[in-house]
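Residue numbers (our numbering), protein chains in the order written: chain A, 8 to 313; chain B, 8 to 313; chain C, 8 to 313; chain D, 8 to 313.
Honestly, the hints are just simulated from the structure, not real lab data.
Fair warning: there could be bad hints in the mix.
[What the hints assert, rightly or not] In silico negatives: residues of chain B with every beta carbon more than 10 Å from chain C: (1) ARG38; (2) ILE55; (3) LYS135; (4) ALA145; (5) VAL158; (6) GLY167; (7) ALA227; (8) GLY238; (9) PRO242; (10) LEU243; (11) ARG259; (12) VAL273; (13) GLU274; (14) ALA277; (15) ASN278.
[Claimed, not checked] Selected chain A positions facing chain C (in silico; Cβ < 10 Å): (16) VAL158; (17) LEU258; (18) PRO261; (19) LEU267.
[What the hints assert, rightly or not] BS3-like cross-link-like pairs, simulated, lysine-lysine; straight-line CA separation at most 27 Å: (20) A:LYS135 - A:LYS162; (21) D:LYS161 - B:LYS83; (22) A:LYS28 - A:LYS162; (23) A:LYS28 - A:LYS42; (24) D:LYS28 - D:LYS161; (25) C:LYS83 - A:LYS83.
Where is the CB? At the ideal position from N, CA and C, for every residue including glycine.
Protein chains: 4
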Amino acid sequence: MNIGFIGLGRMGRGMAANLVKAGHEVTVYNRTPGKTGDLEALGARVGISVAEVCQGGAVMTMLANDEAVESVVFGKDGILAGLPKGAIHISSSTISVALSDRLADSHASAGQRYVAATVLGRPDVAAKGELFVVAAGAEDAVRDAAPLLDVIGKKTTHFGDQPSRANLVKLSSNFLLASVFESLGEAIALVSKAGIDRSEFLEFLTTTLFDLPVYRNYGALIIEDAPAPVGFAAPLGFKDIRLAIAAGEALRVPMPLAGLLHDRFVELLANEGEDRDWSEIGKLARRDAGESVGAAEPARGDFVLV
Amino acid sequence: MNIGFIGLGRMGRGMAANLVKAGHEVTVYNRTPGKTGDLEALGARVGISVAEVCQGGAVMTMLANDEAVESVVFGKDGILAGLPKGAIHISSSTISVALSDRLADSHASAGQRYVAATVLGRPDVAAKGELFVVAAGAEDAVRDAAPLLDVIGKKTTHFGDQPSRANLVKLSSNFLLASVFESLGEAIALVSKAGIDRSEFLEFLTTTLFDLPVYRNYGALIIEDAPAPVGFAAPLGFKDIRLAIAAGEALRVPMPLAGLLHDRFVELLANEGEDRDWSEIGKLARRDAGESVGAAEPARGDFVLV
Amino acid sequence: MNIGFIGLGRMGRGMAANLVKAGHEVTVYNRTPGKTGDLEALGARVGISVAEVCQGGAVMTMLANDEAVESVVFGKDGILAGLPKGAIHISSSTISVALSDRLADSHASAGQRYVAATVLGRPDVAAKGELFVVAAGAEDAVRDAAPLLDVIGKKTTHFGDQPSRANLVKLSSNFLLASVFESLGEAIALVSKAGIDRSEFLEFLTTTLFDLPVYRNYGALIIEDAPAPVGFAAPLGFKDIRLAIAAGEALRVPMPLAGLLHDRFVELLANEGEDRDWSEIGKLARRDAGESVGAAEPARGDFVLV
Amino acid sequence: MNIGFIGLGRMGRGMAANLVKAGHEVTVYNRTPGKTGDLEALGARVGISVAEVCQGGAVMTMLANDEAVESVVFGKDGILAGLPKGAIHISSSTISVALSDRLADSHASAGQRYVAATVLGRPDVAAKGELFVVAAGAEDAVRDAAPLLDVIGKKTTHFGDQPSRANLVKLSSNFLLASVFESLGEAIALVSKAGIDRSEFLEFLTTTLFDLPVYRNYGALIIEDAPAPVGFAAPLGFKDIRLAIAAGEALRVPMPLAGLLHDRFVELLANEGEDRDWSEIGKLARRDAGESVGAAEPARGDFVLV
């Protein structure tokens with residue numbers, strides 16, 4: 008299929024590369040230039056405007072937040088203005104339920120189709136095309152988008168025809184991950200102050216009741232004093248918790264654990280700055296308990312998680 | 008080995024039965040009579056006093072809480088008075104860190120040995136002898152207790168020579184389980200009020216990032232409106248969270264998520280009574296969000312979990 | 008002074024009336040027509056557009072939320088477009104710190120002056136001209152606005168030249184009030200379930216350590232089963248807590264009590280709907296404790312508080 | 008009246024002195040000797056055992072916690088053993104509801120009378136005989152104790168014939184005070200990080216909506232960086248919050264704000280040690296927000312509060 012791809016951050020690059028390798032004609036675009044070298048080498052065309060990547064049957068977006076998506080969609084010469092009638096906007100960004108609902112309305116009014124296809128997984132998983140995809144939208148649109156989703160992910164789960172449900176499921180998943188950081192963090196702080204070796208405790212947990220990569224891999228970060236390499240930045244994790252809370256506000260669902268995670272992110276950002284992995288909130292229980300953690304700088308470079 | 012076993016509740020019965028089947032000479036005792044029929048049929052002797060079961064090389068206790076253990080150990084004609092010098096008290100009950108420390112001191116003063124060997128698993132797992140055992144105590148005592156622990160569990164993890172560490176690890180594990188109920192409960196409330204099918208959401212989670220029996224089995228209880236069968240009673244789960252918080256008080260570890268779970272248990276007991284499974288706290292997010300849950304009576308009968 | 012006044016809700020009506028009575032030439036405007044009768048009778052002129060009320064030396068706005076203020080200021084033919092250079096926009100609405108900062112920038116760019124003059128007090132206090140006023144802005148602007156502020160309030164406190172500080176102080180004050188509802192609510196639930204008469208308990212508190220109208224008047228609402236008359240609607244109180252949390256996010260200040268209040272408002276709105284006084288969050292502790300509260304409809308009519 | 012007085016800490020000394028000055032024949036006793044000099048000078052007799060102070064018509068106790076009271080009452084040669092039938096034990100200590108209920112039962116079984124007469128106020132207020140007294144117990148016992156209560160306090164409020172209600176009311180009052188520390192602390196952290204002068208903010212609050220000594224005096228401590236002089240030690244305040252939570256557990260009342268205060272005390276004790284005033288929890292919001300507070304040692308000497 009002739010498609011466009013907007014958003015070449017750590018996740019988007021891998022997704023776009025897989026689409027190219029799968030034989031699709033992909034025109035890529037990034038607001039900040041200079042990230043397209045590898046993709047060109049693979050055979051991608053590089054567009055110099057949003058409009059230019061909206062000529063095909065679909066455009067996929069993978070951007071950081073609501074503001075970025077709004078800018079690319081609603082801006083002058085944006086997707087809404089440029090995408091042909093009947094073509095599909097596949098939005099993979101982690102955005103608010105409210106914006107997803109607005110995108111659904113706007114694209115419908117413009118005669119375009121819209122699929123929310125959020126993804127679970129870290130950059131290395133995206134590079135391998137093994138993301139978990141959560142898709143929602145009109146049946147025909149999801150069906151027509153399926154060949155593309157099959158390329159970026161190893162499995163697609165459908166949540167009906169209201170696109171924003173895919174966004175809500177994604178936010179809920181990130182909430183559940185952050186909840187693991189907090190619960191592990193408190194348990195680790197407790198046993199650590201009792202003199203138990205943190206790695207032995209984690210080894211015990213992850214070979215008995217919690218034999219799961221999420222607990223094993225994030226636990227391995229949380230038990231360390233030194234900051235983890237930044238796989239998913241704390242400000243983005245914080246944004247997702249805020250969006251989950253905002254969804255809860257609109258749906259009238261009190262989420263006290265989400266509120267606790269919210270405060271943990273504020274505490275982390277206040278004390279350690281922006282440049283931390285989101286799992287660092289799992290060290291704050293030890294910090295509040297008077298142990299010294301997190302002094303050094305985070306390690307650099309890629310790393311594999313979940 | 009010639010051993011005693013005190014506490015024939017749902018967990019203790021299975022553990023004692025396995026010890027008998029493994030060829031040990033087991034004298035059993037329960038404060039409330041009438042629970043020994045099956046064990047006698049297997050070949051256990053039935054003692055009519057604590058003193059009577061303290062004649063062998065070891066006595067294992069599996070009781071409901073601190074009060075029960077204190078009564079059996081420190082009471083007139085209790086274990087402390089009756090157990091021979093050098094014999095081992097193996098305590099598997101989920102009790103406080105403080106009581107475990109006190110037991111260690113008391114048994115040492117009496118020339119007896121003491122091993123804390125807490126267990127993870129539900130009654131059906133105990134019946135199969137497949138519990139996860141967490142053991143701590145003096146090296147020789149743990150070594151001598153090992154043949155018994157190997158019978159009741161499929162794996163024993165050691166946490167050094169301070170017995171109360173085994174209790175702290177057990178409390179931390181139950182804290183982590185209850186944390187899963189809360190996080191799942193909030194996420195489920197959120198998607199449920201958005202109209203997403205709860206079982207489809209759970210199926211998605213447990214086939215992607217959270218592919219773990221804990222999430223799958225407890226999630227299956229939490230998504231239901233009707234109360235779950237009581238596998239582990241809410242008052243016992245509440246006790247364990249209180250003990251985790253008490254350990255945090257003593258060690259100076261603030262545990263805000265444990266505090267939230269505490270309040271959930273109080274809310275559950277206030278509104279639904281004592282006779283509920285502890286996982287029912289995972290439905291309170293939906294309740295607070297205005298959905299009606301939990302009206303009916305819990306189902307009866309055994310069931311398999313974790 | 009020749010001034011405009013926009014926003015004739017329960018608070019604004021009283022403020023505008025006092026300005027008229029004090030001899031100022033006031034042109035009033037409300038987006039929803041039909042609220043100007045009493046003010047005309049007092050001698051106010053009625054404008055039919057925002058532009059029409061921006062002809063004088065100052066325009067005062069008293070609106071429900073950020074959206075209303077944005078619409079009136081930034082909209083086509085809004086205050087920004089219509090207010091003469093050098094004239095003052097006095098904003099009394101409870102809005103976000105971020106919008107107040109944006110207003111400061113925008114008015115400065117347009118050569119206009121801007122004073123944030125938030126107010127504490129309920130409609131009956133506004134009608135008497137006895138509000139507490141919190142003012143911030145450039146010294147000359149605050150000085151020129153002072154005669155108007157002296158009319159609407161009995162006391163003005165200054166917080167320097169950054170207007171948004173007046174907004175932050177207002178949000179903090181409402182946070183403190185809502186905190187009183189929660190703390191009183193939990194204490195009342197505790198003694199109530201112990202069988203202590205709630206009004207005797209409140210009488211005790213407010214004649215000993217908590218001898219303050221805030222505790223006495225709101226306490227009198229919270230101890231009742233029936234919903235209180237709606238003096239300040241729960242959705243508005245909820246908005247203020249959200250704005251306080253948002254300010255905390257931007258300033259990197261974790262506010263766990265604000266987070267708790269947030270969840271209380273969500274619980275209230277989920278279970279009782281929008282049409283409740285904000286102090287009703289103080290009854291949720293009793294609700295969660297299994298007592299039945301809040302079934303009936305709130306009483307109607309004016310009432311006096313704080 | 009011929010009475011005994013046990014517990015000559017900072018509060019008890021003042022209370023006993025006032026009883027002596029009022030003309031009662033007072034025999035005092037303290038477990039730790041050497042605190043009786045001033046009282047002897049006033050005319051008090053000094054007893055050398057609990058039994059010795061139990062010879063009169065009443066004995067008043069003012070001790071630090073449950074353990075101290077249990078030791079003095081239930082110990083060999085304790086109050087229960089020594090107090091004549093019909094004489095009154097007046098307990099002013101801040102103890103648990105459960106212990107107070109147990110005291111009521113025990114004294115009744117021994118044919119003695121029991122009044123819980125808890126007190127609100129700091130040592131300087133006790134010295135002036137101006138405490139607020141909260142009394143509960145059998146009508147005749149409270150009536151007979153009244154002349155003594157009138158000496159130690161300026162006002163006595165009655166809460167019926169179940170003594171533990173006086174304890175619950177006392178715990179609720181301390182919960183409300185600590186809630187003020189937290190709410191003030193969060194508001195102060197918020198405005199402080201925005202650059203607002205903390206003392207100007209406090210002055211504003213306490214001259215408008217929160218014109219109350221509790222807010223003014225504790226606020227003045229909380230806005231400072233340096234630790235406050237220790238008027239009421241943090242471990243005692245922590246104990247009272249734990250007792251309030253324990254009462255909530257028994258009565259099935261979820262108290263999330265009490266839970267938050269609990270965690271604040273743990274955080275304070277973990278990071279600053281035992282030797283801090285309980286109001287220091289009000290500085291933790293600033294600490295968590297990354298501001299540096301509390302480094303220095305607390306000032307010494309008496310000070311006046313509430």
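- Ascending list of hint numbers which this structure does not respect: 12, 13, 14, 15, 16 and 21
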